[in-house]
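Chemist: Listed below, chain by chain, are the residues.
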Amino acid sequence: MPVLELKVNGNDCQVLVEHTTSLLEVLREKLMILSPKMGCNTGDCGACSVILDGMLVHSCITPAMVASGKEVITLEGISASGELHPLQKAFQDNHATQCGFCTPGMIMAAKALLDENPKPTEPQIKKALSGNLCRCTGYKKIVESVMAASADNPASGS
Amino acid sequence: MALEVVGKRALKYDGMSHITGQSRYVDDILIPGTLTVKAFRSPVHKGRMKSIDTSKAENMPGVAGVITYRDVPHNAYGMEPDQPVLVEKDIRYKGEPIAAVAAINEKVAYAALDRIVVDIEEEEPVFDPLKAMEPDAPKVRPEGNVYMFGSEPFKKVYIGDIDEGFRKADHIIEETYFYPDMEHSALETQVSLAVPEAMGKLTIYTVSQARNFHLGMLAGILKLGGDALQCECINEWSGKTRSSWRGKTGMNRVRLEGYAVGGGFGGKNELHADHITALLALKTARPCKWRWTREEELLYSTHRGPWYVTIKDGVMNDGRIIARYVKSIHDGGAYIGFNAYAAGKFSYFVNGPYYVPNLRCEGYCVFTNKPVASTMRGFAVAPGTFAVEVQMHKIAEKLGMDPWELRFKNAILKGDQLVTRQVMKDPSLVETMQALAKRAGVTLPDHLMRMTSESNQRI
Amino acid sequence: MTNSDFFAARDIHEACTRLSQSGKEAHILAGGTDLMVAINRRRLFPHKLIYIGQSGMDAIEVKDGHLVIGAAATHTAVIQSKAVKDHAGLLVDACCSIGSKAIRNIGTIGGNICNASPAADAATALLALGAEVKLVSAHGERAIALKDFFTGPGETVLQPDELLKEIILPLTKGDSRWGWLKVGQRKADVIGIATAAVSLRLEHGTCRDVRIALGAVAPTPLFAAKASAMLEGRTADESLISEVAQAAADETSPIDDARGSAWYRKQICGVLVKRILTAATK
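Protein chains in written order, with the numbering used here: chain A, 1 to 158; chain B, 1 to 459; chain C, 1 to 282.
Be aware that a few hints might be false.
Not close to chain C: a few residues of chain A, all C-beta gaps over 10 Å, as computed [stated by the list, open to error]:
1. 18
2. 44
3. 94
4. 127
5. 151
Mimicking PhoX-like on lysine-lysine, the simulated pairs with C-alpha atoms at most 25 Å apart in a straight line are [stated by the list, open to error]:
6. C:24 <-> A:30
7. A:127 <-> B:107
8. B:107 <-> A:140
9. C:24 <-> A:127
10. B:107 <-> A:141
11. A:141 <-> C:82
12. C:266 <-> A:126
13. B:8 <-> A:89
14. A:119 <-> C:82
15. A:89 <-> B:107
16. A:119 <-> C:48
17. A:127 <-> C:85
18. C:24 <-> A:70
19. A:126 <-> C:48
20. A:127 <-> C:82
21. C:187 <-> B:107
22. B:107 <-> C:24
A few chain A residues that face chain C, going by a derived Cβ cut-off under 10 Å, partial list only [said to hold, decoys possible]:
23. 46
24. 66
25. 148
Hints listed in this document are in silico derivations from the structure and should not be mistaken for laboratory results.
Backbone N, C-alpha and C fix where the C-beta goes; we use that ideal spot for every residue, glycine too.
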């Protein structure tokens with residue numbers, strides 16, 4: 001069984017995995033990081049989205065071993081020293097959650113966007129979030145939240 | 001007393017939990033020793049199971065337990081208990097659960113499914129509800145493919161005399177509308193975690209939208225209170241006295257814990273997984289978790305069943321609908337569930353928000369060899385609303401009348417009696433449409449803007 | 001790491017050697033956006049994985065008068081590459097329509113080709129760009145036209161011990177025009193119902209190097225040879241464009257499936273070709 005070494009939310013981790021174990025399984029079942037969710041297990045819904053070495057990926061279809069030596073950031077890891085990330089604050093203030101199941105993946109996708117493009121247009125936001133499904137909100141407040149966060153966001157992202 | 005919250009902006013109380021990733025859903029509950037559950041499902045749409053042999057699966061290393069119908073204390077549940085937890089003989093839809101395994105991990109669980117041996121005699125299925133209504137159609141269930149409401153094969157509501165109304169009418173406008181089936185596909189699938197507690201008790205972490213309901217059903221299935229699990233009640237839509245599933249004792253031995261639910265929309269109103277995880281937890285004495293795959297969710301979970309709605313209206317030249325006949329056919333799939341109730345509920349709303357003095361609705365609940373239909377947003381009303389409102393447009397078109405005017409003309413006013421025999425005390429379609437027009441930037445003529453819902457205001 | 005089920009090749013030679021040792025037991029893993037889906041859905045149970053995502057097979061460069069794209073280049077890398085933008089804008093457009101950001105970040109061009117879906121977007125665009133592919137094994141290498149690479153739905157000429165190394169494209173010259181259109185049930189994360197890719201060069205109003213390719217309307221991504229030849233060396237006008245579009249549709253052999261009917265697919269791909277040609281030949 002291969003040993004996987006990776007950094008998750010700033011912490012060095014070592015786990016035993018099989019060659020086909022997904023990154024999602026590693027996060028949820030071995031590291032007890034529960035914010036990435038299993039929605040489809042086929043990379044179609046985005047509920048499992050995390051940031052891998054600065055890149056948004058669907059952890060359910062990312063083989064865990066591909067993350068070897070890399071850094072994973074999940075929702076648990078985006079609040080710098082206890083302060084809410086502007087996206088988190090915006091999602092709360094703008095009512096962008098209902099059941100909350102899509103929220104972790106959605107915020108990570110939005111963060112990946114703002115890290116690359118601090119002042120996106122609405123079409124850019126929609127395109128960036130097009131890999132994340134929400135069955136509750138109808139997306140409007142989610143898009144508004146990302147717009148609001150980008151207005152607050154320092155240009156360098158965090 | 002001053003209102004403290006109404007009219008003020010309030011933040012969602014669980015919003016903070018969601019945005020920090022701390023919300024816990026059933027799949028997030030991690031208990032050491034939890035077994036993974038997978039179901040063995042019928043490969044055929046319709047058939048008879050002649051035998052089932054699970055011994056090879058049970059003997060596999062890593063398999064803690066396998067259940068079949070033999071392990072179910074009372075293998076019937078539902079609003080009118082017609083649905084088995086696990087198939088005993090008759091298979092009514094492809095994917096119907098026949099057996100379930102609890103194993104140390106998913107790989108072993110799937111391998112165990114492959115070792116279950118069944119002998120099934122396949123039969124000809126029927127999928128189309130219109131075909132299912134024909135006398136020579138394959139029988140989905142022994143009682144026939146059309147639910148009996150008392151002595152009639154449909155839920156009947158009527159008021160006045162539609163034949164007289166049709167005679168008097170200047171126009172007859174008849175149309176059939178089809179409202180297709182829909183899948184909720186909430187982002188979280190069906191998930192259930194059953195944990196055996198001391199003294200034969202059970203905690204079930206559930207996504208149920210109807211925990212009290214399901215608690216009763218589970219008590220019945222598990223026969224927790226011994227044999228006292230039935231009470232007599234008048235089943236209002238069949239008019240017959242029927243036994244209910246509700247267990248009168250023993251419900252205190254099952255605790256349904258709800259956590260955050262990743263979307264329901266009516267798709268988590270039926271028992272999907274809790275009964276099976278419960279049985280496996282009791283059999284294996286270990287926590288058992290079953291998380292449905294997205295495929296299982298899309299194929300086998302309850303969905304909104306399709307409706308065929310025929311509306312025949314008798315309309316006067318001035319736009320008044322004086323008679324309406326509606327025939328609705330609800331395709332409920334393989335079991336009763338909420339579907340008889342749906343056909344009934346539908347029929348109370350076929351006038352829409354309009355006053356129709358002569359009305360008759362025949363609401364059919366039909367069975368087909370498909371997964372069970374059930375609740376979904378606007379259950380049994382949305383399909384009717386769609387049909388009624390499109391029909392209004394067709395009437396307006398036929399008469400060359402403004403669709404707004406037509407609706408104001410037929411709006412329910414104070415004092416109108418509906419088919420349910422309710423006399424309306426405080427209707428407000430008129431005011432609602434006026435406000436809507438303003439919002440939509442539509443300028444309505446004065447006589448419509450001046451109208452109120454008072455009984456003497458009919459135009 | 002000799003007997004590991006997960007072998008991360010450091011370069012293409014290691015990958016080829018490993019592949020020749022493992023034979024049918026091993027699957028090549030680049031981005032995994034198709035492979036992992038098959039594994040998660042329990043359609044595939046690979047005993048071993050040979051990971052090429054960090055083997056240097058992702059270089060994109062202009063070399064020896066060609067644009068060479070490493071098979072392990074991700075769709076995102078292709079979209080962001082200046083070389084691709086300059087010489088294969090059609091590929092950028094096609095890759096932008098694949099999946100979603102998360103899929104494009106890790107999914108690869110080579111994966112799209114080797115998965116050989118009849119609806120493969122990058123592959124369809126590459127057909128219209130006149131791509132060649134280089135296949136390597138422990139025993140040697142060969143280059144073939146992408147046109148000759150696909151043999152059926154999910155099937156290619158790739159041998160069990162062969163890897164797709166790189167895609168070779170001609171550099172653009174002159175007044176290069178192109179268009180990509182994809183019809184789907186949504187604007188992201190969909191397999192196309194029908195797709196059209198067109199590339200040509202305008203030389204004083206005459207269409208040269210015309211290549212029309214269609215996706216999701218045949219057992220493989222389809223190079224519409226007859227339609228392409230019909231326009232080659234001619235000046236496009238409305239009636240010729242209609243003829244060419246019809247000819248392209250006539251070359252297809254679509255099926256009915258969950259995403260669309262054969263009838264619709266045949267109709268719509270003609271419409272797509274017409275739209276692209278009308279815009280591209282203005």
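Chemist: Now, for every hint given, state plainly whether the structure supports it.
Modeler: Each hint tested on the structure:
Listed as outside the interface, residue 18 of chain A is inconsistent with that label: its C-beta sits roughly 7 Å from the nearest C-beta of chain C, within the 10 Å cut-off. At roughly 6 Å, the least C-beta separation between residue 44 of chain A and chain C is not larger than 10 Å, which violates its mark as non-interface. Even its closest Cβ contact with chain C, about 22 Å, leaves residue 94 of chain A beyond 10 Å, as expected for a residue assigned away from the interface. Not every beta carbon of chain C lies more than 10 Å from that of residue 127 of chain A, the smallest distance being close to 7 Å; the non-interface claim is violated.
The Cβ of residue 151 of chain A lies farther than 10 Å from every Cβ of chain C, with a closest approach of about 22 Å, so its non-interface assignment holds. Annotation: proposed proximity of residue 24 of chain C to residue 30 of chain A is violated, straight-line Cα distance about 31 Å (limit 25 Å). Taken as a hint, the residue 127 of chain A and residue 107 of chain B pair is broken in the structure, with Cα atoms around 37 Å apart against an allowance of 25 Å. Restraint check for residue 107 of chain B and residue 140 of chain A: not satisfied, since their Cα atoms lie roughly 40 Å apart, outside the 25 Å limit.
Annotation: proposed proximity of residue 24 of chain C to residue 127 of chain A is violated, straight-line Cα distance about 39 Å (limit 25 Å). In summary, the hint linking residue 107 of chain B to residue 141 of chain A is not supported, as the alpha carbons are separated by about 40 Å, beyond the 25 Å threshold. Using a Cα cut-off of 25 Å, the hinted pair residue 141 of chain A and residue 82 of chain C is violated, with the two alpha carbons roughly 35 Å apart. Note on residue 266 of chain C and residue 126 of chain A: the hinted pairing is violated, with a Cα-Cα distance of about 31 Å set against a maximum of 25 Å.
Under the criterion of a C-alpha separation no larger than 25 Å, the hint pairing residue 8 of chain B with residue 89 of chain A is consistent with the structure, at around 19 Å. Under the criterion of a C-alpha separation no larger than 25 Å, the hint pairing residue 119 of chain A with residue 82 of chain C is consistent with the structure, at around 23 Å. Simply put, residue 89 of chain A and residue 107 of chain B have alpha-carbon atoms about 41 Å apart, too far for the 25 Å limit, and the pair is violated. Of the supplied pair hints, the one linking residue 119 of chain A and residue 48 of chain C is violated, its CA atoms being roughly 44 Å apart against a limit of 25 Å.
Of the pairs offered as hints, the one joining residue 127 of chain A and residue 85 of chain C holds, with about 20 Å between alpha carbons and a cut-off of 25 Å not exceeded. A distance of roughly 30 Å separates the Cα atoms of residue 24 of chain C and residue 70 of chain A; the hinted pair therefore is violated under the 25 Å criterion. A hinted pair counts as satisfied when its Cα atoms are at most 25 Å apart, and residue 126 of chain A with residue 48 of chain C does not qualify at roughly 38 Å. Restraint check for residue 127 of chain A and residue 82 of chain C: the C-alpha separation of about 21 Å stays at or below 25 Å, so the hint holds.
The straight-line distance between the Cα atoms of residue 187 of chain C and residue 107 of chain B is roughly 35 Å, outside the 25 Å bound, and the hint therefore fails. Between residue 107 of chain B and residue 24 of chain C the alpha-carbon distance is near 22 Å, which keeps this suggested pair within the 25 Å criterion. For residue 46 of chain A, the suggested interface contact is upheld, since its CB lies about 7 Å from the closest CB of chain C, less than 10 Å. Restraint check, residue 66 of chain A versus chain C: the minimum CB separation of about 6 Å is within 10 Å; hint holds.
Interface restraint check for residue 148 of chain A: the shortest CB-CB distance to chain C comes to about 21 Å, outside 10 Å, so the restraint is violated.
The structure is inconsistent with the numbered hints 1, 2, 4, 6, 7, 8, 9, 10, 11, 12, 15, 16, 18, 19, 21 and 25, although it conforms to all the rest.
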